[in-house]
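Participant: As they're listed, the protein sequences go chains L and E. All the letters of the first sequence, read from the start, carry residue numbers 1 to 246 under this note's numbering. All the letters of the second sequence, read from the start, carry residue numbers 1 to 211 under this note's numbering.
Some hints could be false.
What the hints assert, rightly or not - When the alpha-carbon atoms are kept at most 30 Å apart in a straight line, the in silico DSBU-like pairs for lysine-lysine are as follows:
(1) E:K182 / L:K49
(2) E:K184 / L:K49
(3) E:K104 / L:K195
(4) E:K184 / E:K197
(5) L:K49 / E:K70
(6) L:K195 / L:K68
(7) L:K63 / E:K110
(8) L:K104 / E:K182
(9) L:K147 / E:K108
(10) E:K70 / L:K40
(11) E:K104 / L:K104
(12) E:K108 / L:K195
(13) L:K195 / E:K147
(14) L:K63 / E:K184
(15) L:K40 / E:K197
Bear in mind the hints are in silico, worked out from the structure with no lab data behind them.
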Amino acid sequence: MKVIGISGSPTADSNTDTLIKKILDATGAETEFFKLSDIKVGPCIACMKCVYTNECILNDDFKWLSKKVMEADAIVIGSSTFYGAASAFTKAFIERLYSMRHIKLLTGGKLAATVAVGVAAESMVTEWMGNALGAGGMEIVGSMTAKGTPCCFVCGIGESCHYPVWNAYSQEMTGMNFGVEESYREFLEILPDNKPYEHGSARFLAEYRSVKDEPEVLAEARKIGQALKDKFENSKKTAGDQKCKC
Amino acid sequence: MQVLGISGSPVLNSNTDRLIKTVLDATGLEYELVKLSEYDIHPCRACLGCANDNICKQQDDWHIIENKIKECDALVIGGYPTYGTLDSRTKMLTERMYSMHHQKMLNKGKIGVAVAVGIGRGIPSVDHAADQIAAFMEMEGINVIGKISGTGNITCLSCGYGGPCGISGVPMLFGAGAIPSKDKYTAIEDQKEVIEKANEIGCKIREMLVN
Numbered sequence: 001m002k003v004i005g006i007s008g009s010p011t012a013d014s015n016t017d018t019l020i021k022k023i024l025d026a027t028g029a030e031t032e033f034f035k036l037s038d039i040k041v042g043p044c045i046a047c048m049k050c051v052y053t054n055e056c057i058l059n060d061d062f063k064w065l066s067k068k069v070m071e072a073d074a075i076v077i078g079s080s081t082f083y084g085a086a087s088a089f090t091k092a093f094i095e096r097l098y099s100m101r102h103i104k105l106l107t108g109g110k111l112a113a114t115v116a117v118g119v120a121a122e123s124m125v126t127e128w129m130g131n132a133l134g135a136g137g138m139e140i141v142g143s144m145t146a147k148g149t150p151c152c153f154v155c156g157i158g159e160s161c162h163y164p165v166w167n168a169y170s171q172e173m174t175g176m177n178f179g180v181e182e183s184y185r186e187f188l189e190i191l192p193d194n195k196p197y198e199h200g201s202a203r204f205l206a207e208y209r210s211v212k213d214e215p216e217v218l219a220e221a222r223k224i225g226q227a228l229k230d231k232f233e234n235s236k237k238t239a240g241d242q243k244c245k246c
Numbered sequence: 001m002q003v004l005g006i007s008g009s010p011v012l013n014s015n016t017d018r019l020i021k022t023v024l025d026a027t028g029l030e031y032e033l034v035k036l037s038e039y040d041i042h043p044c045r046a047c048l049g050c051a052n053d054n055i056c057k058q059q060d061d062w063h064i065i066e067n068k069i070k071e072c073d074a075l076v077i078g079g080y081p082t083y084g085t086l087d088s089r090t091k092m093l094t095e096r097m098y099s100m101h102h103q104k105m106l107n108k109g110k111i112g113v114a115v116a117v118g119i120g121r122g123i124p125s126v127d128h129a130a131d132q133i134a135a136f137m138e139m140e141g142i143n144v145i146g147k148i149s150g151t152g153n154i155t156c157l158s159c160g161y162g163g164p165c166g167i168s169g170v171p172m173l174f175g176a177g178a179i180p181s182k183d184k185y186t187a188i189e190d191q192k193e194v195i196e197k198a199n200e201i202g203c204k205i206r207e208m209l210v211n
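Modelling step: build the complete structure from the supplied sequences, incorporating the hints.
Facilitator: Have a look at this one:
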């Protein structure tokens with residue numbers, strides 16, 4: 001079994017990377033990990049030159065990455081969440097997979113798992129990645145989310161800025177409850193005089209949030225890796241049984 | 001330049017481009033339409049090098065677009081859905097505009113319009129893409145005065161494959177057994193309500209900026 005991990009998170013050694021690698025490890029398979037921000041995979045140009053060849057004509061790193069995808073039995077894809085959606089790195093990669101879809105649905109039958117990390121709306125991202133890979137005929141074996149370090153923890157002025165991410169996703173600004181305050185209770189105290197986009201007032205209780213400190217999150221990643229392994233072995237067994245009957 | 005249109009569609013003179021242009025024309029003001037696919041821009045690398053001075057440290061064509069954004073009073077951003085969410089080029093633009101967010105919120109108070117063109121015909125992805133642009137604008141403190149969704153053409157109409165395709169989107173949109181044909185194409189100009197709405201929003205931009 002061959003499994004590849006693809007991270008659309010541009011941060012070095014990010015939470016997204018950690019979770020993808022955990023899943024890869026738990027498959028016990030031959031694995032490779034690629035970080036889209038280390039290579040060049042640009043957006044689709046909608047030229048439709050891939051209709052008959054299923055090969056994208058753009059001359060960038062998707063040329064070899066698409067071969068890695070084709071060789072893999074399973075794909076683990078992870079993204080950070082920016083503005084409530086997958087990173088543009090992830091988005092561009094998934095658009096380019098479209099070249100393999102036409103007529104033949106070349107990625108059909110592969111197994112896949114998705115990971116999204118964010119401060120809010122990461123469940124929308126993992127769901128979207130699952131839908132997109134599902135449109136490529138892949139079977140989504142597992143998907144997971146985790147809370148990451150808000151960039152406002154590390155920018156240097158987050159405690160007093162009027163526009164931090166928890167204010168951008170606040171009920172006052174979005175009309176929706178993303179539960180940011182609740183899910184960051186041990187990391188962030190939003191002070192009573194905070195008023196989104198007018199007056200920023202918060203206190204940090206931690207410098208960062210790492211999935212490495214959250215055993216239940218890591219356990220979920222391991223579970224997904226194991227599920228990929230089991231699924232692959234079962235499908236191989238089923239294929240073998242069918243062969244015997246012939 | 002008072003009004004800036006930005007299109008994430010890579011297709012030449014696309015329905016997305018023309019819908020944005022309809023809004024821009026209706027303003028009667030000086031405008032420019034920028035097509036992202038003609039520029040070399042990349043996703044945000046989350047380095048936070050922009051946190052203090054609001055200037056992205058990546059050296060690419062973003063800085064050309066950034067200067068145009070700084071100059072304009074109204075911003076009309078148009079994209080299209082791929083796999084149900086906003087295309088990666090328009091997404092890149094939103095991510096790179098984040099450099100203007102920190103501390104000063106440089107685009108706060110500008111007028112914003114979100115435009116999207118998708119396969120439509122009851123498929124909700126086009127509204128989702130427009131909502132995504134509008135939500136981004138609101139996070140940037142931009143005053144979103146309108147969202148417009150138009151109907152474009154599914155790639156399966158123009159892919160050129162004449163044979164039976166098990167994954168064609170044509171039957172999904174036009175009914176079982178439907179095959180690609182010229183009469184199934186749509187142009188944004190033929191969508192009266194969409195054009196009317198674009199004109200109305202363009203006029204509203206003018207009213208807000210001139211009066």
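Participant: Take the hints in turn and mark each one as holding or not.
Facilitator: Against the structure, the hints come out as follows:
The suggested pairing of E:K182 with L:K49 holds, with an alpha-carbon distance near 20 Å, which does not exceed 30 Å. In summary, the hint linking E:K184 to L:K49 is supported, as the alpha carbons are separated by about 21 Å, within the 30 Å threshold. For the hint linking E:K104 to L:K195, the alpha-carbon distance of about 16 Å falls within 30 Å, and the restraint holds. Distance restraint check for E:K184 and E:K197: the Cα-Cα separation of roughly 23 Å lies within the 30 Å cut-off, and the hinted pair is therefore satisfied.
Of the pairs offered as hints, the one joining L:K49 and E:K70 is violated, with about 37 Å between alpha carbons and a cut-off of 30 Å exceeded. Simply put, L:K195 and L:K68 have alpha-carbon atoms about 49 Å apart, too far for the 30 Å limit, and the pair is violated. Proposed proximity of L:K63 and E:K110 is contradicted: the alpha carbons are some 41 Å apart, above 30 Å. This hinted pair checks out: L:K104 and E:K182 have alpha carbons roughly 24 Å apart, not beyond 30 Å.
About 28 Å separates the Cα atoms of L:K147 and E:K108, which keeps this hinted pair within 30 Å; it holds. Distance hint between E:K70 and L:K40 is fulfilled; the C-alpha atoms sit about 28 Å from each other, no more than 30 Å. As the CA atoms of E:K104 and L:K104 are separated by approximately 50 Å, the hinted pair breaks the 30 Å bound. Among the hinted pairs, E:K108 with L:K195 is consistent with the structure: their alpha-carbon atoms are about 16 Å apart, no more than 30 Å.
A C-alpha spacing of about 27 Å is found between L:K195 and E:K147, which places the hinted pair at or below 30 Å, so the restraint holds. Straight-line distance between C-alpha atoms of L:K63 and E:K184 comes to about 34 Å, which puts the hinted pair past the 30 Å bound. At roughly 39 Å between alpha-carbon atoms, L:K40 and E:K197 are farther apart than 30 Å, so this suggested pair is violated.
When each numbered hint is compared with the structure, violations occur for hints 5, 6, 7, 11, 14, 15.
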